[in-house]
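Residue numbers (our numbering), protein chains in the order written: chain A, -4 to 193; chain B, 700 to 1086.
Hints listed in this document are in silico derivations from the structure and should not be mistaken for laboratory results.
Even for Gly, the Cβ is constructed at its ideal location relative to N, Cα and C.
Any given hint could be a false lead.
As the list claims (entries may be wrong) - Derived DEER-like restraints, expressed as beta-carbon distance ranges:
#, chain 1, residue 1, chain 2, residue 2, range
1, A, Leu109, B, Glu952, 50 to 56 Å
2, A, Glu160, B, Asp1053, 51 to 57 Å
3, A, Asp128, B, Thr701, 38 to 44 Å
4, B, Pro768, A, Ile62, 43 to 49 Å
5, A, Asn65, B, Thr708, 19 to 25 Å
What the hints assert, rightly or not - Calculated Cβ distances over 10 Å to all of chain B for the following chain A residues:
#, residue
6, His60
7, Leu132
8, Val133
9, Leu175
10, Glu184
11, Gly185
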Amino acid sequence: MGNGNLKVGRVLRAGTRGFVIGCTVLRPDIPAFGSLVRAEGRVPGSTIYGLIYDVSLEDDAFVRHFIGANPTEEVVQDQRQNRQVPIEVSVLSLGCSDGENIRHRLPAQPPVTLDWLYQCTGEEVRAFTARFDYFRLVLEAREAPADELLAASLRAAAAARPEDEREMFLVQAGRELARLLAGDPVRLEGLLRRLRDG
Amino acid sequence: MTLELSRLTGQVQAMGEEVAACQRQHADLVALARRWLVQYADQGERLRHPARAIRAAIPTDEPLDDDYPLPTTPDRFTVVAADGSQIRPDRHGAALYYLINVGSLVYRHGSGEAPEARSEPTLSYTEADVYENGLLVDGNLLDVRRDLAEITQLADLCTVEPPGSTVALVDGTLILWVLEDRSEEWRRAKVMTYLDQLDRIRESGAAVAAFISRPRRTEVARLLYLASLEGDANRASREPNPLEHLPDRAVFELLSPGARSALFVSPSSINYEYYHPTGHGVHFCYLNLAEEGHNPVIARVELPAWVAGDLDRLALVHGAIVAQARITGDYPYTLARADELAFVSGPEREAFEDMVVTALLRAGVRTALSPKRYYKTLTRQGGRKRY
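All chains should be modelled from the sequences, with the hints used to inform the complete structure.
This is the structure in structure tokens:
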């Protein structure tokens, strides 16, 4: 988990349901699929929370030129560190906070261009996942691989808890999923298997 | 779309046939030029004086047909390149200004590190900036300022590199192109400023070279014609030269992979007026950048006298340029990236113009595009369709 000021990147474009940020390098674990992240809201002290559901690297004709050319290490590093920017990271908006209470709902306003996006701390992850109201927003998301995303984020949320609380957390999450997906047993089974297999 | 492509069909076909006919004739001329290159290879000293009179390549002590193989390069060396682009002043814009953006790349061969990439934009907007001797800084005036910004950036980068293993690369020529209709005093001032930066590069212990891709110069071909006339400059300037339009690179496609041609001295008058007296006399050679088994790729490389006359520096430049070009296949990687870093795209230019307009409004300046510019923005957005 991050230390609270770990910057993932800056907002490139945003809407109510989610936003896309750009970052310059891929560091170990950052940005990672299923990570809980936060951006500052327009109201001072407010926060917008979301889950990273896609990390994509754009190509261009110049980088394609080197695919079959056995490039030197200097060229590889130049293309990675200096040219392949920004790496685009897509985030699904899931909640917001006024500085005191976290609410699982779409934010009234998205973050604005060039706002920083931060990796959430373990404490923030525990606070956000103390309730499961955001499950429905994830399960209904059409732009994201919802089941994979929810499973990955729940595994990360379990890892943010003390070891003796992790299993109970996942069991409670599984019960909530069983309630929400009662009409779709096949999907529920797949999701629970993903959670179990970790 | 207003370009009537259907009306160009016949003209394009005719052009294709003409180019094909020229290529067939071209092969005969190349054979003739190469025969003369070998036949007069050791006539350099005798041709030196008349060559200058007819602005042909001036031979050095190296035999004209020599082929200097690719030297070994050190395990570690650095190539620094800079290139510039500009936003020209626009009389129809919201304000009168110009912008020069210099891109540069420092590439450390053998380090495994990411090269250092930079873009340095400079905005010029005061009366003193945008006018020079009463003339708007545009065209050649602006080109000269951009060239000076490029070479200054290169010199700045070279001064912080360790001496002896750095090559600075310029895209194009080392000879500052200043229009001859300017005053002698003005030309001297500009060229001397450029030469001051070459001095800084020399003092840093680096070498410098200019790289010209697919060169069309015909100075060596002119020299060969002169040689065939036994060095008679009067006849050479009077009689039609069969090699008149044959680019030198065609003659040197016989170079071995990685090899360079003999060195020559540039016959440019600016070279003799300003560069030679300061020790920067511009020499040039041709390089075959291709690897063994590939078609030749000939480039022209220009070097100041202090690089051409120093075997170690010359070998470093030769090896570094070939190494750089072989990264991409046929063009120095650092120059390709410096160009990319300097380039101001259409959307960037528009965003910058928006910034200018916003800044003017904040400062209380009411401004607008000229009517001409305004209607161009409407008509050139590409919305019109033809059925």
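Going through the hints against the structure:
1. One distance hint, 50 to 56 Å for the beta-carbon pair Leu109/A and Glu952/B, holds here, with the actual separation near 52 Å.
2. The hinted window of 51 to 57 Å between Glu160/A and Asp1053/B holds, with their beta carbons roughly 53 Å apart.
3. Under the hint 38 to 44 Å, the C-beta atoms of Asp128/A and Thr701/B, about 59 Å apart, miss the expected range.
4. Checked against the hint of 43 to 49 Å, the C-beta distance between Pro768/B and Ile62/A comes to roughly 31 Å, which is inconsistent with it.
5. For the pair Asn65/A and Thr708/B, the supplied restraint of 19 to 25 Å is violated, since their beta-carbon distance comes to about 43 Å.
6. The claim that His60/A lies off the interface is violated: its Cβ sits roughly 7 Å from the closest Cβ of chain B, which falls inside the 10 Å cut-off.
7. For Leu132/A, the requirement that its beta carbon stay farther than 10 Å from each beta carbon of chain B is met, with the minimum near 34 Å.
8. At roughly 35 Å, the least C-beta separation between Val133/A and chain B is larger than 10 Å, which holds for a residue marked as non-interface.
9. Distance check for Leu175/A against chain B: the nearest CB is about 44 Å away, which clears 10 Å, and the non-interface claim stands.
10. At roughly 47 Å, the least C-beta separation between Glu184/A and chain B is larger than 10 Å, which holds for a residue marked as non-interface.
11. The claim that Gly185/A lies off the interface holds: its Cβ sits roughly 42 Å from the closest Cβ of chain B, which is beyond the 10 Å cut-off.
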